[in-house]
Amino acid sequence: MLATLLSACTTLTTETCAKGEERVVNDLIYFGTAKPADFVTPAEFDDFLRTEVTPRFPQGFTTWRARGQWRAADGSTVREPTWVLSLAHPDDEASDRAIGELREHYRQRFEQESTLRVRHTACASF
134 MLATLLSACT
144 TLTTETCAKG
154 EERVVNDLIY
164 FGTAKPADFV
174 TPAEFDDFLR
184 TEVTPRFPQG
194 FTTWRARGQW
204 RAADGSTVRE
214 PTWVLSLAHP
224 DDEASDRAIG
234 ELREHYRQRF
244 EQESTLRVRH
254 TACASF
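Numbering (our numbering), first residue to last: 134 to 259.
Please note that a few of the clues may not be correct.
[Stated by the list, open to error] If you anchor each label on the Cβ, the simulated ranges turn out as follows:
1) PHE259 / PHE172: 28 to 36 Å
2) ARG240 / ASN159: 39 to 47 Å
3) ALA151 / LEU249: 23 to 31 Å
4) ARG156 / ARG200: 30 to 38 Å
Read the hints as simulated data drawn from the structure, not as lab findings. Only a predicted model underlies this, so the values are computations on that prediction, with no experimental measurement involved. Every residue, glycine too, gets a C-beta built ideally from N, C-alpha and C.
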């Protein structure tokens, strides 16, 4: 199975974009909302977007609500409301560093064990 997954990644990176499209990285960042005493509210998440995400990615992004399940460090299964952030950006060190900062700031600010990042290449046009 790992070989299949790795070959799929190779296929994505060698794909040629159509005329008028450019190669971008599309990151999906999954932000859990369960805190020790309560949940991250929509207002708190909006403030995070305004103060942390927008300054780093002013060209734009998309968010949506989801429900997630994951295994915590203690082995328990956690089910919680989740926010998903989709970012299409250049494949560069500055963007990668900015995403790392976002994830760490969210983890600290909202007392999270971790966040999930799913990264893939894509072709995009406006």
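Okay, which hints does this one fail, numbers in order?
-> 2
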